[in-house]
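J.: If you read the protein sequences in the order shown, they are chains A and B. Position one of the first sequence corresponds to residue 1024 (our numbering), numbered consecutively onward. Position one of the second sequence corresponds to residue 513 (our numbering), numbered consecutively onward.
To be clear, the hints were calculated from the coordinates, so they are not data collected in a lab. Among the hints, erroneous ones may be present.
Said to hold, decoys possible - Simulated DEER-style distance windows between Cβ atoms:
| hint | chain 1 | residue 1 | chain 2 | residue 2 | range |
| --- | --- | --- | --- | --- | --- |
| 1 | B | D778 | A | E1257 | 46 to 54 Å |
| 2 | B | E630 | A | E1257 | 50 to 58 Å |
| 3 | A | N1280 | B | T781 | 42 to 50 Å |
| 4 | B | H732 | A | E1133 | 44 to 52 Å |
| 5 | A | K1151 | B | R596 | 42 to 50 Å |
| 6 | A | N1051 | B | T541 | 53 to 61 Å |
| 7 | B | T740 | A | D1295 | 47 to 55 Å |
| 8 | A | N1280 | B | D693 | 24 to 32 Å |
| 9 | A | K1213 | B | T541 | 46 to 54 Å |
What the hints assert, rightly or not - Covered by chain A, per the in silico footprint, the following chain B stretches (three or more residues, Cβ under 8 Å):
| hint | region |
| --- | --- |
| 10 | 617 to 627 |
| 11 | 759 to 770 |
From the three backbone atoms N, C-alpha and C, an ideal C-beta is built for every residue, glycine too.
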Amino acid sequence: MKIAAEITALDVHYQYAASSDLALKNINLKIKPGEFVAIIGPNGSGKSTLAKLFNGLFIPTKGDIIVDGFNTKNKDDIWKIRQRAGMVFQNPDNQIVATIVQEDVAFGPENLGIPPEEIRHRVKEALKTVELADYADKAPHLLSGGQKQRVAIAGILAMKPDCIILDEPTAMLDPVGRKEVITTVKKLNKKEGKTVVLITHFMEEAVCADRVLVMEKGKIVMEGRPNEIFSQVEKLKKLGLDVPQVTELAYQLAKDNVPVQRDILTVGEMVDCLCQLM
Amino acid sequence: MSIDVKNVTHVYMPNTPFESIAIKDINWTVKDGEFWGLIGHTGSGKSTLIQHLNGLLKPTSGEIFINGKNIHSKGVKLKSIRQRVGLVFQYPEHQLFEETIEQDVAFGPKNIGLTEEEIAGRVKEALELVGLSYEKVKDKSPFELSGGQMRRVAIAGVLAMKPEILILDEPTAGLDPRGRDEILEEIVALKQKQKLTVILVSHSMEDVAKLVDKLAVMYHGRIVSQGTPREIFQDYAGLVEKGLGIPQITELMIKMKSKGKNVSSDILTVDEARAEIIKAVRRKGLA
Ligand SMILES: Nc1ncnc2c1ncn2[C@@H]1O[C@H](COP(=O)(O)OP(=O)(O)OP(=O)(O)O)[C@@H](O)[C@H]1O
Ligand SMILES: Nc1ncnc2c1ncn2[C@@H]1O[C@H](COP(=O)(O)OP(=O)(O)OP(=O)(O)O)[C@@H](O)[C@H]1O
Ligand SMILES: [Mg+2]
Ligand SMILES: [Mg+2]
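Kindly generate the complete structure, drawing on both the sequences and the hints.
T.: This is the structure in C-alpha cells:
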C-alpha cells in the first residue's frame, strides 16, 4: 500500500490579481499522511483559495506548498501533484467536463495515462461508491444538484489519489446523501489510509476530523482536536461560526448548572451523558 | 398571493430516448401569507416544481394558478408573474451575469422600468439586507466573490424586485452559519413586514424545523406528505427511507425517550430540548 500524502505550507501568502487585499496571509501548516483535517471559517475567509493551492491550481504569491516532496511551483510536477492530491470543487458544475457520466468520471484517470481496462473498472467502482451506478450513461448536466456533486466525487475517487481535498462536498446533498458522503470519506481515511482535507460549513461534519483548522480573513486563527475547538462556543460564534446542536445544548445546560460535559460532539455522547443524570 | 398547483406533471425531453418524468401529478395549495418548506431527496423534483410557479417551466399536463388565475391562460403576461413571484435559483452563478454587482442587482428593477433613483435605492437596500456593504461591493465583479458572497448577491437581485411571493431554492447552501441565520432572519422579517408568501426549499431539517409553518415532502417526483414540521418530523424512520432526516436535537430526544427516559420527543429546537431536560433533571433533584 502506498503511503498517504503529506502537505506542507510554508509561510504562504496569496493575492488574487484582481484584488488589492491578500486572500491568504502567513499560512504555516503541516497535514500529516493519513490525517483527517477539517477546515471551517466564514464566507470569504480563504478556505477554497487554500485548497486550490494544495493541488497546484494556484501558486502561492509568496511561500511554498509541498505535496509529498513536490513543490507546486514546479510546473513539470503538476500531474504528479494532482494524482496525489485530488480535489472536489465547491461547485460541481465547474468540474463536469464530459457529456456522459461515466466519461466524466473517466476523465481524471485518462489524464493519468491509466490503461483503459483499469479505467473501466475504476469508474464502475467509483460510481458504485457514490451510488450512481444506474446513472453511468446519463448526461451529467441534466442531473439534480446532489447527483452532480456525487459525480464529481466519483471522478476524484477514480484517480485513486492519496489525499482527497473536498471543498464543501455536501452543500447540495440531502441529509442521507450527506451522511453517505461523510461515511465514504471516513472509510477512505480509516480503511485506505488516505489523507483527507474537508472544507465544510456543517459543524457536525467537522466533528469527524482528527484536527480542525479555523480560518478568518485569510489566516488560521484556531487549531485543535474537534472537542477542543467546539467547546469554545462563544469564540466560534464571535467568528460567525456555530457548533452542533448537541454541543449547543450542553453549553446551555451548563449555564443552567446542569452538570454536563462541555465538549460533547455527537448525539451518542449526549445520550450517555444525560442518561447518567436522569 | 396564493398558489394552486393542480395535477401537474412535468416530463423533461418528451418523446426522446432521454425522456424523464421529473414530477408527477402534483397537487399543492399555498395560501396567501403562508411560509412553506419543501424538502425531498436530491433529484426528487423540488427545483422542477418551483420553476413552474413563476412560469419558467410549463407543465406537461396540469395547471398552475396564481391568485386563482391560470398563468398559462391567454392574456396573462409571464413577465408580470415573474416580477411578483421571485425565484432565487439553487446555483447563484446561474443568476449572475453582469459586470458589476451593482449592475447585477439592478438588472431586474431596470427591466420593470423604475427610475434611476428608485433603482439605486432598491439595490442599496437589497444588498444591505443580505449583509453586504453597498459601498464596498458595488463595483466588484460578481465573479471575484467567494461562493457564499455570490449567493448573497443572487438573493439581493431577487429582493430588489420586491416580489409578493418569494421562492428560495436552498438559499443557505454554502453560507457560513452566521450568514445562514442572518439571511433566514431577514426572510422572516421581510415576510412579516411585507406580508410575503414564502417557499423555502432546503436540505436543512434544522432550518425548516425552526422556521416554516408547513412542510411538503417530495419523493421521486411526488408530494408524499404535507403537514406542520411537528407532524412531519414524528416519522423519523420514514423520512430516512426517503433520503431525509430530522434535526439532530429531535434525534437526541427520540433516543432519550427510547432509553425509557421520561422526556417528550416532540422537540424541534435546542431551546425546547433545554427546557425539557431541565424539567427532567429537576424531577431527579440534580440541578
Ligand atoms: N477570482 C477571484 N478574484 C479576486 N478575489 C477573489 C477571487 N476568488 C475569491 N476572491 C476573494 O478571496 C477571498 C477568499 O475567497 P475564498 O473563495 O477562498 O473564500 P472561502 O473561505 O472559500 O469562502 P466560502 O465559504 O464563501 O466558499 C474572498 O475575499 C474573495 O472575495
Ligand atoms: N433539464 C433537465 N433535463 C432532464 N432531466 C432533468 C433536468 N433537470 C432535472 N432533471 C431530472 O429531473 C429530476 C428532478 O430534478 P430536480 O432538479 O427537480 O430535483 P431536486 O429535488 O431539485 O434535487 P436537488 O435536491 O439535488 O437539487 C432528476 O432526476 C433530474 O435528473
Ligand atoms: Mg469556498
Ligand atoms: Mg434542486
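J.: Hint by hint, note whether the structure agrees.
T.: Hints and how they fare:
About 30 Å separates the C-beta atoms of D778/B and E1257/A, a value inconsistent with the hinted range of 46 to 54 Å. At roughly 43 Å, the beta-carbon separation of E630/B and E1257/A lies outside the given 50 to 58 Å, and the hint is violated. Remark: the range hint 42 to 50 Å for N1280/A to T781/B is contradicted by a beta-carbon distance near 21 Å. Against the hinted window of 44 to 52 Å, the Cβ-Cβ separation of H732/B and E1133/A comes to about 34 Å, which falls outside the hint.
Remark: the range hint 42 to 50 Å for K1151/A to R596/B is upheld by a beta-carbon distance near 46 Å. At about 58 Å, the CB distance of N1051/A to T541/B agrees with the hint of 53 to 61 Å. Under the hint 47 to 55 Å, the C-beta atoms of T740/B and D1295/A, about 32 Å apart, miss the expected range. In this structure, N1280/A and D693/B meet the distance hint of 24 to 32 Å, their C-beta atoms being roughly 27 Å apart.
A hinted range of 46 to 54 Å holds for the C-beta pair K1213/A and T541/B, which are about 48 Å apart. With 0 residues having a beta carbon nearer than 8 Å to a beta carbon of chain A, the region 617 to 627 of chain B misses the requirement of three or more and the stated coverage is violated. Here the region 759 to 770 of chain B counts 7 residues with a CB under 8 Å from a CB of chain A, which clears the bar of 3, and the coverage holds.
Consistency note: the structure conflicts with the earlier hints numbered 1, 2, 3, 4, 7, 10.
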